[in-house]
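**Student:** As you go down the protein sequences, you meet chains Z and S in turn. The numbering of the first sequence is the numbering used here, which starts it at 50 and goes up by one. The numbering of the second sequence is the numbering used here, which starts it at 50 and goes up by one.
Because the hints were derived from the structure by calculation, they are not lab data. Just to be clear, a hint being listed does not mean it is correct.
Chain copies aren't distinguished; within one or between two, either way the pair holds.
Unchecked claim - In silico lysine-lysine, BS3-like type, Cα no more than 30 angstroms apart, as pairs:
| id | residue 1 | residue 2 |
| --- | --- | --- |
| 1 | K177 | K282 |
| 2 | K232 | K109 |
| 3 | K109 | K274 |
| 4 | K271 | K232 |
| 5 | K327 | K339 |
| 6 | K105 | K282 |
| 7 | K274 | K157 |
| 8 | K339 | K282 |
| 9 | K274 | K355 |
| 10 | K339 | K151 |
| 11 | K339 | K355 |
| 12 | K327 | K141 |
| 13 | K232 | K274 |
| 14 | K157 | K355 |
| 15 | K327 | K109 |
| 16 | K105 | K271 |
| 17 | K355 | K151 |
| 18 | K274 | K361 |
| 19 | K165 | K209 |
| 20 | K339 | K165 |
| 21 | K165 | K151 |
| 22 | K355 | K209 |
| 23 | K109 | K151 |
| 24 | K271 | K327 |
| 25 | K271 | K165 |
There are 2 protein chains.
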Amino acid sequence: MTNPTLHRQRFGLALLFSLALPLLANAGEPLPSWHDGPAKNSIITFVEAVTDPSGKDFVKPAERIAVFDNDGTLWSEQPAYFELLFALDEVKRNAPQHPEWKTTQPFKAVLENDHKALVATGMDGILKIFGATHTGMTTDAFDDYARTWLSQARHPKTGKPYSDMIFQPMLEMLDYLRSQDFKTYIVSGGDTAFMRAFAEQVYGIPPEQVIGTTFVTAFQFKDGKASIVRTQKLAHNDDGPGKPESIDAVIGRRPILAFGNSDGDLQMLQWTAAGPGKRFTGLVHHTDAKREWAYDRTSDIGRLDKALDEAKSRGWTVVDMAADWRRIYPFDPPATEQVQ
Amino acid sequence: MTNPTLHRQRFGLALLFSLALPLLANAGEPLPSWHDGPAKNSIITFVEAVTDPSGKDFVKPAERIAVFDNDGTLWSEQPAYFELLFALDEVKRNAPQHPEWKTTQPFKAVLENDHKALVATGMDGILKIFGATHTGMTTDAFDDYARTWLSQARHPKTGKPYSDMIFQPMLEMLDYLRSQDFKTYIVSGGDTAFMRAFAEQVYGIPPEQVIGTTFVTAFQFKDGKASIVRTQKLAHNDDGPGKPESIDAVIGRRPILAFGNSDGDLQMLQWTAAGPGKRFTGLVHHTDAKREWAYDRTSDIGRLDKALDEAKSRGWTVVDMAADWRRIYPFDPPATEQVQ
């Protein structure tokens, strides 16, 4: 027996599904800029396991916390942490208001582009530069300075804005995780406010999911005007053990996925790995001198030594940038499949 | 001309809508435990203004940040902050491991229920009690202690679990805001970890949206086991100016709605009110000696004095608990409409 109405309704449904197909096709395969291989496979295997409601490893959406280091993990960090380059540029921009800097280290070295003299000022010099460029202003003013620099400054090697030097494969991973109801966080040594100036636009990570190094601030209310001033006193150094500490303080849940690239991420990975249930811990290994930079055990920036040993001994995912990533930056042409 | 298929499809649509009606009815009028009046009206008027996409006051969902004090705003705070009552109970629970407490203040006073001697130990005594009960253990252990106490302890006046002594009208407000894509935060003087032990279950506020007072913690990794230990060093006192400071540090966006009940909330309200665009700032005024407690300008707990003056002079919403709320606690019988 044939029911013409039912047929017509079925046809309607078919039409609806065919309209939806392009959307589904757009969603496509996750991680298109990753070569097929153990790294890509470990990510997808993990995500499928914790999102399968009938599986033993299922994690409910509210607990799908994923944390990412920023420098060297989501964007490049050579020839120096980009935030340090911002600070050096800020010294130059502010020099006219500080004539004493011409004769005072570390500022003199910055103004004279004297790299050797700058390095000689050591950590004390770096802290003075950060103090002068990151504190003593309102939070609103600092946000303006950071955004202005990010829009104007260009990287010395690529000539690109710094916020273009983000890793396309990691962007795809962030998107993939969010499509699977993960909440993606940055947990990084950079200044929280500096990272917030680009994280939402560049990574799709809102300010409340950016955790970093912070200074003590002071609320002020004068003549009906409210402001928050950044003081020179360090509140939290978000590096090494500071990472699990800030994760606990700010998120209050242990992540089920953590990604870093250096020994400064080791404790965050240990904290993540030590939780109950299935966990993912990954490291970006900078192995691509041609398309990015190659460095690890002896580098001053982003040293990857102890964490690399621990990753190898514990079976953590180590991403070999040269072998695992089809392309590095969004502005790179899509690479064709390479013979490994 | 009549097309029977089209009619049938229309009937199908009508059926679908009728099935959806009970759901719509369930959503119902917002804020049913609030009497009609200026307080309820100011909340609804504000929410409708900032969520109307065609209105001049529209705020996009990502920026709909709402912050609430906890003690005295979301739950009661008499005869003492509930967390202090937890700390006193913890002193008693731990006394067998600390024989020296029998002869040492402030612990001796706690163990002997000597209120006068306890008060005489002053802020120094309170800090010692908090140090002994809130620090020196792992974050996991503290969470266990808080949850155990919350499940077992009973309020001296009502005989109810403390987490039942939450304000039904405020629960409805939290739900209403979330239904309108607000992100609801607690920003309160209590210990962050203590509040997280009940905020998700009781208020529907997840741990990452609970901001409070914090202690410096220390990550430890021994024999493959990771833990975070709470130290005695205060990291942030989330009271008064500490509230806008923590909002800036943790959320990184200025709220568009803030609710408190005491002078300790004044700066959070000032910070919220001073932002651009339409803002809502509210205070719970404890005026109901019969159903809850009545106190304001001279109270040691939850003093509402300067903030009340500022609310009146600036037209902030002041909730008169006795007049504005049909019922106080979820366990109260629903009150009938009262003649004002």
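**Student:** Look at each hint and say if it fits the structure.
**Tutor:** Hint check:
no., hint, result
1, K177 - K282, "both (12 angstroms within a copy, 26 angstroms between copies)"
2, K232 - K109, "both (12 angstroms within a copy, 20 angstroms between copies)"
3, K109 - K274, "between (43 angstroms within a copy, 24 angstroms between copies)"
4, K271 - K232, "between (38 angstroms within a copy, 29 angstroms between copies)"
5, K327 - K339, "neither (35 angstroms within a copy, 52 angstroms between copies)"
6, K105 - K282, "neither (47 angstroms within a copy, 41 angstroms between copies)"
7, K274 - K157, "neither (37 angstroms within a copy, 47 angstroms between copies)"
8, K339 - K282, "neither (41 angstroms within a copy, 48 angstroms between copies)"
9, K274 - K355, "between (49 angstroms within a copy, 17 angstroms between copies)"
10, K339 - K151, "neither (38 angstroms within a copy, 70 angstroms between copies)"
11, K339 - K355, "within (25 angstroms within a copy, 64 angstroms between copies)"
12, K327 - K141, "neither (49 angstroms within a copy, 39 angstroms between copies)"
13, K232 - K274, "between (35 angstroms within a copy, 25 angstroms between copies)"
14, K157 - K355, "neither (36 angstroms within a copy, 49 angstroms between copies)"
15, K327 - K109, "within (13 angstroms within a copy, 36 angstroms between copies)"
16, K105 - K271, "between (57 angstroms within a copy, 28 angstroms between copies)"
17, K355 - K151, "neither (41 angstroms within a copy, 49 angstroms between copies)"
18, K274 - K361, "between (55 angstroms within a copy, 18 angstroms between copies)"
19, K165 - K209, "within (26 angstroms within a copy, 69 angstroms between copies)"
20, K339 - K165, "within (27 angstroms within a copy, 74 angstroms between copies)"
21, K165 - K151, "within (16 angstroms within a copy, 63 angstroms between copies)"
22, K355 - K209, "neither (32 angstroms within a copy, 53 angstroms between copies)"
23, K109 - K151, "neither (57 angstroms within a copy, 47 angstroms between copies)"
24, K271 - K327, "between (52 angstroms within a copy, 21 angstroms between copies)"
25, K271 - K165, "neither (45 angstroms within a copy, 40 angstroms between copies)"
In summary, the structure is inconsistent with hints 5, 6, 7, 8, 10, 12, 14, 17, 22, 23, 25 from the numbered list given earlier, while agreeing with the others.
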